[in-house]
Amino acid sequence: MKILDLTHYISEDMPVYPGTEGPKFSPANSYEVDGFRETLVTLYTHTGTHMDPPAHLFPNRTTLDQFPISQFVGRALVIHCSDLREGQSITMDYILPYKDKALQAEFLLFHTGWSQYWGTEQYFGEYPCIDHEVADFLINSRKKGIGLDTIGLDPIVDINLTLHKKLFRDSEIVVIENLMNLHLLGDELFTFCALPLKHKDADGSPIRAIALLDE
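Numbering-wise (the working numbering), the sequence shown opens with residue 46 and increments by one.
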């Protein structure tokens with residue numbers, strides 16, 4: 046079995062969504078004083094490679110801790126669409142050639158190639174986004190989740206978060222943002238694990254996302 050890491054490092058100088066404070070790492074205990082090292086970490090629940098549940102936008106909807114653990118593991122397929130230019134949409138034309146596999150997959154991960162801009166201003170630019178037909182496909186095929194190598198599901202200028210709301214209003218789905226290394230995955234199904242922190246009333250959480258490939 047081959048295991049690939051799909052997760053960005055968390056650091057104080059990492060990209061964060063506009064208007065959000067970056068994480069802070071403060072020494073809490075030291076070898077010299079306490080005999081051990083411990084660090085106080087302060088960060089938002091939607092920092093780095095992270096997961097959104099329906100409760101991120103809608104009160105009384107599902108929080109991450111209310112999902113069964115099975116929600117976060119399943120068969121996945123990468124949809125490669127890195128040929129798209131800035132501002133273009135990910136349409137069903139990218140899914141239809143792999144429709145049988147896409148229907149079998151519990152997660153669809155979209156490789157736009159945007160992770161190459163991680164740490165630059167361009168990462169916050171006009172990255173490709175799914176269109177409403179793709180959103181409908183995710184809803185109707187009852188996917189566990191969608192993953193992207195961009196900072197958001199919606200365009201950066203859409204403060205209404207239209208696509209988030211469409212997916213979360215009635216569906217038990219999670220949205221995973223800021224993935225990396227999707228270019229290393231082919232066009233076959235694989236096992237995907239995206240495990241959030243286990244805390245109460247979770248509106249989101251950083252995750253460790255990995256791909257498990259059969260060799």
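Rather than coming from a laboratory, the hints here were simulated on the basis of the structure.
Don't be surprised by glycine CBs; every beta carbon is placed ideally from N, CA and C.
Accuracy of the hints is not assured; some may be wrong.
[Claimed, not checked] Cross-link-like lysine-lysine pairs, in silico, DSSO-like; alpha carbons within 27 Å at most:
(1) K211 to K243
(2) K144 to K210
(3) K243 to K210
(4) K144 to K245
(5) K211 to K245
(6) K69 to K211
(7) K243 to K69
(8) K210 to K245
(9) K47 to K210
(10) K211 to K146
(11) K47 to K144
[Unchecked claim] So the derived label-pair ranges between C-beta atoms look like this:
(12) G67 to D176: 27 to 35 Å
(13) G80 to I184: 19 to 27 Å
(14) T84 to N105: 33 to 41 Å
(15) S71 to R253: 41 to 49 Å
(16) L257 to E77: 17 to 25 Å
(17) V118 to H228: 21 to 29 Å
(18) E178 to R82: 50 to 58 Å
(19) E66 to C238: 27 to 35 Å
(20) D215 to S75: 46 to 54 Å
(21) S127 to D50: 15 to 23 Å
(22) T136 to G80: 26 to 34 Å
(23) I204 to G80: 25 to 33 Å
Range first: 19 to 27 Å. Now tell me if the beta carbons of G80 and I184 are that far apart. violated, 53 Å
For the hint 27 to 35 Å, verify it against the beta carbon of G67 and that of D176. Holds - the Cβ-Cβ distance for G67 and D176, about 31 Å, lies within 27 to 35 Å.
Within 50 to 58 Å or not, the Cβ separation of E178 and R82? holds, 51 Å
Quick one: are L257 and E77 within 17 to 25 Å, going by C-beta? violated, 41 Å
Pairwise hint evaluation, K245 against K211, where the allowed Cα distance is 27 Å at most: holds, 25 Å
Holds or violated: K210 to K245, with C-alpha atoms at most 27 Å apart: Holds: K210 and K245 sit about 22 Å apart, inside 27 Å.
Starting from K69, check that the Cα of K211 is at most 27 Å away, please. Judged against 27 Å, a Cα distance of about 33 Å means the pair is violated.
Need the status of pair K144, K210: alpha-carbon distance at most 27 Å? Status holds; Cα separation ~25 Å.
Straight-line alpha-carbon gap K243 to K210, limit 27 Å: With a Cα-Cα distance of about 24 Å, the restraint between K243 and K210 holds, given a limit of 27 Å.
Given the hint that K211 pairs with K243, does the C-alpha gap stay at or below 27 Å? holds, 26 Å
Taking 27 Å as the top limit, are the C-alpha atoms of K243 and K69 close enough? holds, 20 Å
The hint says 26 to 34 Å between T136 and G80; measuring C-beta to C-beta, is that right? At roughly 58 Å between Cβ atoms, G80 and T136 fall outside 26 to 34 Å, so the hint is violated.
The structure is inconsistent with the numbered hints 4, 6, 9, 13, 15, 16, 22 and 23, although it conforms to all the rest.
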